[in-house]
Structure formats: structure tokens, C-alpha cells
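Visitor: One line per chain: the protein sequences are A and B, in this order. For the first sequence, position 259 matches number 259 in this note's numbering, and the numbering has no gaps at all. For the second sequence, position 50 matches number 50 in this note's numbering, and the numbering has no gaps at all.
No wet-lab data here; the hints were simulated from the structure. From a predicted model like this one, the values you see are computed outputs, not experimental measurements. Yeah, the Cβ is synthetic: ideal placement off N, Cα and C, and Gly gets one too. There is no bait here: all hints are sound.
Straight line, CA to CA, 27 Å or less: simulated DSSO-like cross-link-like pairs of lysine-lysine:
#1 K198/A / K198/B
#2 K223/B / K248/A
#3 K95/B / K120/B
#4 K223/A / K248/B
#5 K177/A / K208/A
#6 K120/B / K192/A
#7 K198/B / K192/A
#8 K223/A / K248/A
#9 K248/A / K192/B
#10 K223/B / K308/A
#11 K248/B / K192/A
#12 K248/B / K188/A
#13 K223/A / K308/B
#14 K83/B / K192/A
#15 K192/B / K83/A
#16 K192/B / K198/A
#17 K248/A / K188/B
#18 K120/A / K192/B
#19 K83/A / K120/A
Label-pair ranges, simulated between beta-carbon atoms:
#20 S335/A / W262/B: 56 to 66 Å
#21 K120/B / K177/A: 49 to 59 Å
#22 S205/A / G175/B: 45 to 55 Å
#23 Q202/A / M137/B: 33 to 43 Å
#24 G97/A / M71/B: 52 to 62 Å
#25 E56/A / S205/B: 51 to 61 Å
#26 E43/A / K177/B: 49 to 59 Å
#27 D14/B / E51/A: 54 to 64 Å
#28 W262/B / E139/A: 18 to 28 Å
#29 K177/B / H252/A: 18 to 28 Å
#30 Y26/A / E70/B: 51 to 61 Å
#31 G214/B / E51/A: 33 to 43 Å
#32 G214/A / Q30/B: 40 to 50 Å
#33 D126/A / M137/B: 37 to 47 Å
Far from chain B by the CB rule (all over 12 Å, computed), these chain A residues:
#34 G81
#35 E296
#36 D325
#37 K340
Protein chains: 2
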Amino acid sequence: MLVNIIAVDAMGGDHGPSVTVPAALYSLQQYADLGLILVGDQEVLRHHLTEHQASETVRLQIHHASQQVEMDESPATALRGKKDSSMRVAINLVKQGTAKACVSAGNTGALMATAKFVLKTLPGIDRPAIIYSMPTMQENTCVRLLDLGANVDSQAEHLLHFAIMGSILASAVDGIKNPTVGLLNIGKEGIKGNEQVKQAGQLFSENKAINYIGYVEGDDIYKGIVDVVVCDGFVGNVVLKVTEGMAKLIIHYMRNAFNRNWLTRLSGVAALHVLKSFARRIDPAHYNGASLIGLEGMVIKSHGGANKMAFANAIQEARLEARTDIPQLIRARVSELLQKSAMGI
Amino acid sequence: MLVNIIAVDAMGGDHGPSVTVPAALYSLQQYADLGLILVGDQEVLRHHLTEHQASETVRLQIHHASQQVEMDESPATALRGKKDSSMRVAINLVKQGTAKACVSAGNTGALMATAKFVLKTLPGIDRPAIIYSMPTMQENTCVRLLDLGANVDSQAEHLLHFAIMGSILASAVDGIKNPTVGLLNIGKEGIKGNEQVKQAGQLFSENKAINYIGYVEGDDIYKGIVDVVVCDGFVGNVVLKVTEGMAKLIIHYMRNAFNRNWLTRLSGVAALHVLKSFARRIDPAHYNGASLIGLEGMVIKSHGGANKMAFANAIQEARLEARTDIPQLIRARVSELLQKSAMGI
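Here chain A stands alone, though its shape is the one from the complex (with noise of 0.2 Å):
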């Protein structure tokens, strides 16, 4: 049975079609549950489809959208003059309730405009977030980091709200009962900290809505001591783009250092298997998919220069979150907090 519909911004990303395509069609062939609209120039669109000897199916439609947003545009740009682009029509499917769930490679600031203008923020939710799921020391073990740019300048609150959303994702997508939320400082001790995170330390400790283990630092992201890392989305997107670029360093060091001569050139073939597979599981364009979270309908953004895999599991995260109405989680356990506090519990 197709209950998980989602809805691909066909056009988006560096590559548009020559990589969605494929990888929707990849993806429909792992997950017998999935349906996927295909959004976009229709003629291009079917053009790529019988280059893969495809063709449109009850799986796989194609919605035409006579528009693209540029990966340089600017959100108010794309957010006034595209009203018909690939990546606002996905959207609207969403919202029209077509789709459970969006993906698009397309520009992060375009997305998160569009997506906050058409589906709107969830009662209660002043600020979405950009959330990612990141590999960590331990076997089959992610952590949620949360925001990734798409606030700056957070006050104390947000960050809140953001380790309840953390929460209710780490819990629907990940299967974790009681998610472990850690806030990202400089020190493990009380007083480290700039005054948004001591404020921030404050609140979560107060509130019951959450699994508050304490300040964590950038180094126990990747533990697997904790399941959602809280911080401001100029910090996040620092995080986010210092592990990508560490995860190219480190592939540019191997190569080199596996091509100076004969010998290390043979230990390099021989350890060619275990390198491939690492980088799998470390890459950023491989290990992708992030959420746009609190709004009234799930987004998710894949990075703009993924390939065929990476894509797909994009698509496979979209696919994991549809299968749980997320927004409608959000919603009634910060209706029920806001219900408290208007209590005063």
C-alpha cells in the first residue's frame, strides 16, 4: 500500500534531474511503501525518465512546475517571483495534503522562506529549526543536532523549543523512548558559557517536557553519549560545515598519503573497501537529509551537491518521517506545555 507519498523538487540541487531522477527511481525500488511526485519541467522530466528506461507509473508521477529557484537566488526572489517554481509546488502539495513530505536540494534560505510562508509555523513555535542526524562512535547510534542556520541570534526560549522538536523527532524517526538532549557549551562546569546558553541551561533544567542531561562540547557530539544536541543555528551551521570540511581533510590526507609511492600505493588499493565505506558513513554528501522542523508539514532539505545515493537517503529520511505525523507531535505537546504554564504547573 503507498502510504508514503512524498514530493521531490526534481529541479533543485548542482545537478537537478541527471541526479533526483535516478535516485527516485532507486528509492522506489528499496521501499515498496513509497510514492514519489516527481515536481518540474515535464518535459525534461519525462526526457530523463526514458533515458533510465522509466516511465511515469502510479508510484511515480510527474506534477509539472514551469519555474526553478536558482541555487543563488535570494529567498525574497524566489519567495515573490517564483510562485510556480519546482520547490514552492512541492511544497504546496504539501500543504494541499498530496504529499506527506518534501525534498528539495535546492538553496537552504529560499527553502525555509518558502516553506515558513506556505505551510506556516506551528502554534506555539515562533522559530523553525534545521535539524541533522550526524554518525557518532557507537554502532547504528545517530545524535539530532539542531538549529543549523536557520535562526541566528536565538534567545534562550528558541533554543527550547528546540530541544522539545529534537525530542519529538528523535523519538518518532529514531524509535528512542526517552531522548537524552544535551546543550552544546564551552565547559561542562555551570558557569562556562556565553549568557544565551546560561539562560538556556536555566530553562531546560526547569522543564519536564525534556530529558535535560546537561552541557555537552563539541567533542561529545559524536560520543554517542547523547541523542539531541541543542545550540543556536550560527553555531550549528558552524558545526555542520567544520565536520564536513574535517571529513574532506581527512579523505584529501588519505589519498595523498596512499599515493606517494609503489608500497603505499599497494596498501591503498588493498584498503580501498574500508576507505569507500568509511566515507560513506562519514561524508556529509552521503550521510544526508535534514528536517526543517515546526512547521505544519514536514521539509526536508538534502544538501545541494548530493549524487544519486546521498539524495536517496534524503528521500529515505522523508520516507522515515512520513511515516509519522511529526508536526501533529509537536503540536499537541507544546499545546499541552502552554496549557501548563497557563496553569501554572
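Starting from the structure of chain A, add chain B where the hints point.
Guide: Chain B only, in chain A's frame:
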């Protein structure tokens, strides 16, 4: 000729003299122009020297200090109660001019507080910063990142001071003629970032004392495209810890991947040399030695968990900085800038 005399807090760090003493002996073998003063309990230090078949010489002196600062001790307690600590006495030797710089693996908070109290900040500099050199993709090219946690909630003017001090260090120690400076942000465009960074960007553009190239993102740090990267201490500390955490995660993955079966173990043996050389270049435990900058004297902070080779790297960093009088260069540049601004230039 013994031009570079460095005071070593021999009791500091997780391992104390069992690391600092062999690192000191190794460094003396490496650099003929180096003289070291080991500061700490003289009985203990003599015992460690004897263990390594070494003794005091004109190039290796012991300076007794009866106390030591614990790794978890608060800066205030260290400052008030430990006036004869190895850390404090090592800094005193710099103040008196007996040593050109000092090195400590002791706790960062106590080191910064003590150094600020004993040495004082340079005229015109409100806040000293911590600056660290990180590896990049370009062979033999590093990037200097500051501040790494000496300050949080910095104002735009403080970030400008960091930029000026970082440029002077990169120029004097790394020999770069007109070092490029980037401001860490979450996008390249002017509209991106938080208030602090936008204001600093404006100040940086207007200042002729630095070779400002604009905003850089987290992944640009490791590309070797910029010599100095400036950020607030909160963000910088997170960057440093994330870098550390990623290095550990990757080494962990590699070990697991190569241990999977006899074939991967075999390729692991072949690749061992490559992996070790890689770890040496990436792991901050090897790439060691951050500088406290903006003070009337040079203080180098080693990683607390540094091993012999890592601590020797911190001594080498102190030696490089001791060859030029960094505080004097900063004093001159800042006074020149203050005069210009008083004259409305």
C-alpha cells in the same frame, strides 16, 4: 648561543613530569638554540631527570615551585591560593624577563587568569585571546584560528583586535608577508550572520591594518585559502572541539573497519604507516600548542592530555614565537592605529 629560553610548567597537564621531562629532553636534542627551565617540585623533577639518565645543565635548569594547579581547579582559587604553583612561577619567569615564553599543559581557565593577572594585557587591547594553528589541505600551510575560548559574547571591536593580533602572529611566526584574514560566518553574502559578525565585517572592511578577504565558512578553515580566521571564543572553542571529536571518530571508524575480518586486517597492516602519519597531521593531540595573545609576555597552552611528542610540539611553538617579540609587535601596531584614529585618519 642560547637565545631562546623557555619556562616549562613541568607539573601541569594530565601526565605532569612523566610527559614534560622527556618532551623537554627531546626538544633540547632537536634545537641547539633552545634553553629550558623546568618549573616544579625539584625533588620530583630531579628524580625524573635521573630516570632518563639526564641532569641539570646550562641548557636545562630546574626552578623550584612548591605548589601545582589541579586540572579542575577554578581560576579564582588558583589565582588566590596557589602563588607558588609551577604555572604561576613559570609565568613569573616570563614577567621578569628570565624566560622569553612559557609553556603549560595546565587548565586553560587558570592559565589565562594567572597570565592576565601577572603579565597584564597590552595597552589598547581589552581582551587577550587564544590562537591555534590548524592543518589545511595545502602542504605545509596552516591556518591560525582565534579566539578559542578566552572570551564569550565578544563585541565587534574585540573581533577586530583578534584580527590584528592574529595577523601579526601569522606574519612573525609563519613568515607570511601580508596574511589574509577571514571572518567566520554561516554564508558568504553580506546579509548572512548574526549581529556581532555583521558589525565586525563592517569594521574589518574599513580597517587598513589587516588584509581582510571577507566571510569564510566552517569548511573553508581547512582549505588553506586563508591565513587567519577570526571568531568569537564560544564559536572558536566549538570549532576546536568538533575538529578533535571528528579526528577521534575517524580514527575509531578506521580501527573498526580494518578489524572486521582477516582480509581487512591484512590491508590494515599494510596501511598502518599511512594511518599513523595521517593521525599525526590531524589529531590535535599531535598538532599541539595554542598561544595566549594580547598579553605583555608569551604564554603557550598545550593540550592537557598531550603525550611527549605533542608537548614537544608546544615547546617548538614557544621557541618559534620566542624568536620574535610578538607582544612588542602588537604594542607598536596598536599604538600606531590608536594614534591614527586620534588624528582621524
